[in-house]
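Residue numbers (full-length UniProt numbering), protein chains in the order written: chain A, 1 to 120; chain B, 1 to 529.
Some hints here could point you the wrong way.
Unchecked claim - With the C-beta cut set under 10 Å, the calculated list includes, among others, these residues of chain B facing chain A: (1) His126; (2) Arg130; (3) Ile133; (4) Ser169; (5) Val172; (6) Phe227; (7) Leu228; (8) Gly288; (9) Val293; (10) Ser294; (11) Glu301; (12) Thr302; (13) Glu331; (14) Asp353; (15) Leu354.
Unchecked claim - Quick list of in silico lysine to aspartate or glutamate cross-link-like pairs, DMTMM-like style, CA-CA up to 25 Å: (16) Lys7/A / Glu350/B; (17) Lys30/A / Asp60/A; (18) Lys346/B / Glu335/B; (19) Lys345/B / Glu82/A; (20) Lys6/A / Glu350/B; (21) Lys51/A / Glu218/B; (22) Lys506/B / Asp168/B; (23) Lys7/A / Asp359/B; (24) Lys13/B / Asp95/B; (25) Lys215/B / Asp148/B; (26) Lys147/B / Asp95/B; (27) Lys7/A / Glu22/A; (28) Lys506/B / Asp203/B; (29) Lys30/A / Glu301/B; (30) Lys10/A / Asp168/B; (31) Lys12/A / Glu301/B; (32) Lys10/A / Glu218/B; (33) Lys224/B / Glu308/B; (34) Lys12/A / Glu347/B; (35) Lys7/A / Glu347/B; (36) Lys6/A / Glu347/B; (37) Lys51/A / Glu18/A.
What the hints assert, rightly or not - Interface residues of chain A toward chain B, partial, derived using beta-carbon atoms under 8 Å: (38) Asp3; (39) Ile4; (40) Ile8.
Simulated from the structure, these hints should not be mistaken for lab results.
Since the structure is predicted, the reported quantities are computational estimates derived from the model, not experimental observations.
Ideal Cβ placement from N, Cα and C applies to all residues, glycine included.
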Amino acid sequence: MFDIIKKIWKTKTVTKTELLTEAPERFRGKPIFGSNECTGCQACTTACPAKAITFQQNDDAITVSLSYTTCIFCGICAEVCETNAIHITNEYRLATKNKNELTVNKQATFAKLLTAGKEV
Amino acid sequence: MEKTIKQWLSRMKQQLGNKVRSMEQNSAQETVMLVEKTELPDVCYFLWHEKKGRLFTMVGNDERDIHGFFALYYVFSFDSFRHFITVKTLIDPLDPTFPSVAVQLPAANWYEREVKDLLGLRPQGHPDPRPLILHGDWPEDLHPLRKDFPLDRHAPRVQSREAFMPYDSEDVTEIPVGPIHAGIIEPGHFRFGAVGDTILHLDARLFFTHRGLEKASEGMPLEKALFLAERTCGVCALSHSTAFAQAVERLGEVTIPPRAAYLRTLFLELERLYNHIGDVGNVCAGFGFAVGVSQGARLKETLQQLNERVAGHRYLRGVVRLGGVRIDITEREKEEIAQTLAYVKKEFQELVDLLFSHDIAMNRMATTGVLSLEHANQLEVVGVAARASGRSVDIRRDQPYAAYDQVSFHVPVYEVGDVLSRVRIRVDEVLESIAIIEQLLHSLPSGDTFTPLPPLPPYRSAMGWCESPRGETVHWLMVGPDQTIYRYRIRSATYSNWPAVPLAVKGNIVPDFPLINKSFELCYACCDR
Chain A
1 MFDIIKKIWK
11 TKTVTKTELL
21 TEAPERFRGK
31 PIFGSNECTG
41 CQACTTACPA
51 KAITFQQNDD
61 AITVSLSYTT
71 CIFCGICAEV
81 CETNAIHITN
91 EYRLATKNKN
101 ELTVNKQATF
111 AKLLTAGKEV
Chain B
1 MEKTIKQWLS
11 RMKQQLGNKV
21 RSMEQNSAQE
31 TVMLVEKTEL
41 PDVCYFLWHE
51 KKGRLFTMVG
61 NDERDIHGFF
71 ALYYVFSFDS
81 FRHFITVKTL
91 IDPLDPTFPS
101 VAVQLPAANW
111 YEREVKDLLG
121 LRPQGHPDPR
131 PLILHGDWPE
141 DLHPLRKDFP
151 LDRHAPRVQS
161 REAFMPYDSE
171 DVTEIPVGPI
181 HAGIIEPGHF
191 RFGAVGDTIL
201 HLDARLFFTH
211 RGLEKASEGM
221 PLEKALFLAE
231 RTCGVCALSH
241 STAFAQAVER
251 LGEVTIPPRA
261 AYLRTLFLEL
271 ERLYNHIGDV
281 GNVCAGFGFA
291 VGVSQGARLK
301 ETLQQLNERV
311 AGHRYLRGVV
321 RLGGVRIDIT
331 EREKEEIAQT
341 LAYVKKEFQE
351 LVDLLFSHDI
361 AMNRMATTGV
371 LSLEHANQLE
381 VVGVAARASG
391 RSVDIRRDQP
401 YAAYDQVSFH
411 VPVYEVGDVL
421 SRVRIRVDEV
431 LESIAIIEQL
441 LHSLPSGDTF
451 TPLPPLPPYR
461 SAMGWCESPR
471 GETVHWLMVG
481 PDQTIYRYRI
491 RSATYSNWPA
501 VPLAVKGNIV
511 PDFPLINKSF
521 ELCYACCDR
């Protein structure tokens, strides 16, 4: 009995003594579009298991959009992207009051599309 | 060794005589015997009873578009030879029946009921005709694993055929529990037949979380199937992904680089650690020892945070890729693992001392829920439950994979088979795992972390196996001509162990059931698939 009380006293309340500050560096959180060029190769849209990345082709542009409402943070999109246009951050605070903020878009570059042999 | 295996195989062929139609090598470790279906029970019983093979897995496959037949594969493992023998039989679609092996070999019971539900192949003379995977309200003539059953087909609900053990005596009280439980656990329906407080019989109705993963994987590219395999279960995610990747690598005859093998072993042991420590804590909930529960949970949390820092995921998802690993570790992370484990080891020892010196705890655990060695052997129980009952099986030692042949470790075995033995096995294995990780960190080789895969041969089978925290998990795989999955069968440790739980519960009092159930710590998701 005495041992048990001693153990409780020694441990204290861990939620108070071990506060969560930042997510670890390697933690797979929010994927974002970086400044690198997107070639519109669709590798990410086909690889995404949750179908969170969609691809839209208009007359003169290709838009890739990523929805955080369906993303499961597996990191496969960043792994398959050849130009590193999409990469994973360790950001985990995604709560928002406006649902529209949970979708981000990226325009695929026209010049790259031509060199990749895709028809626009 | 190779010569002895050849001699042993040819002697076996002589003994079986004309019962075996042909015998061929499928891989260096696996021999396939083709038998007529009428000879199936005799050959299987011979391999199991005379030759002491363990029934490793059993797979039914719809191969009508390859050669016009259904096929059944009974895989036996011979640990002393590190070899597998698969008994294969072909079944004519015009007569979809076969003589049941389960009559003589109780471990085949579930497998054959599964084949009946999912493929419509009826085992004749089977001791239990009730449905298993698909519940009684699924139409009897719809078999989802047949290739002509479309993935998106919606099955109508019919009048339920579910049946439980009927009791004639008025002294027997039937107590239904579940499928929805008070705690946050998975669904399972338990129906006790109790006389007073003592359990006479337990019917466990599982497969509420059957998601048809095997059907869903058909036609899937391998990368996506790996992702699916990883999601079979939450707490053995890494074991499942490793087993699947090994099956693919074995099919492609690829050897992964040593660094990748070491890293897989390292992460697998981290998975075992957080599971075992969490389970030792959870067992305390079975008798209301709150300090044990919270200390266990706290240490599990420490380990999961370590997983997150090292692998990016608390449950170690996304570690494995086909042909190697996705995640490499640096010197700093090696240091971090060593430090955390030293802390966890010390704290865990304190928890164990508290638990084992607590009279009430010991009183509740000892002699409760005894699983006899005889039952464990007959049902081919694996993992912690097997080792606690004196059945020494550990696939890490018996058929080494990843880098388990490079490290030395001891496999603890206890004889009694009660709750206390199962807890003791976990405690011992925690210390062994920490020792294994220390060895791995010390001798981690440098180099690549993955090898590219060649195109895989179509319609050939391969297996991958892994000792998950609950016992051995086997993935059986066949790839089609377009490099997609043709048939994928997951046999998890819990699938082998669930049939043993009702036997261990018998004769105990009803309030001890949660404790016994927790000591087995079986997950439902990877059993139900």
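Structure-based check of each hint:
no.	hint	result
1	His126	violated (38 Å)
2	Arg130	violated (36 Å)
3	Ile133	violated (25 Å)
4	Ser169	violated (45 Å)
5	Val172	violated (40 Å)
6	Phe227	holds (5 Å)
7	Leu228	holds (8 Å)
8	Gly288	violated (13 Å)
9	Val293	violated (12 Å)
10	Ser294	holds (8 Å)
11	Glu301	holds (8 Å)
12	Thr302	holds (9 Å)
13	Glu331	violated (15 Å)
14	Asp353	holds (8 Å)
15	Leu354	holds (6 Å)
16	Lys7/A / Glu350/B	holds (9 Å)
17	Lys30/A / Asp60/A	violated (29 Å)
18	Lys346/B / Glu335/B	holds (17 Å)
19	Lys345/B / Glu82/A	violated (43 Å)
20	Lys6/A / Glu350/B	holds (11 Å)
21	Lys51/A / Glu218/B	holds (19 Å)
22	Lys506/B / Asp168/B	holds (18 Å)
23	Lys7/A / Asp359/B	holds (17 Å)
24	Lys13/B / Asp95/B	violated (28 Å)
25	Lys215/B / Asp148/B	holds (11 Å)
26	Lys147/B / Asp95/B	holds (17 Å)
27	Lys7/A / Glu22/A	violated (29 Å)
28	Lys506/B / Asp203/B	holds (11 Å)
29	Lys30/A / Glu301/B	holds (22 Å)
30	Lys10/A / Asp168/B	violated (56 Å)
31	Lys12/A / Glu301/B	holds (15 Å)
32	Lys10/A / Glu218/B	violated (54 Å)
33	Lys224/B / Glu308/B	holds (23 Å)
34	Lys12/A / Glu347/B	holds (14 Å)
35	Lys7/A / Glu347/B	holds (10 Å)
36	Lys6/A / Glu347/B	holds (13 Å)
37	Lys51/A / Glu18/A	violated (37 Å)
38	Asp3	holds (6 Å)
39	Ile4	holds (5 Å)
40	Ile8	holds (6 Å)
The structure shown violates the earlier hints numbered 1, 2, 3, 4, 5, 8, 9, 13, 17, 19, 24, 27, 30, 32 and 37.
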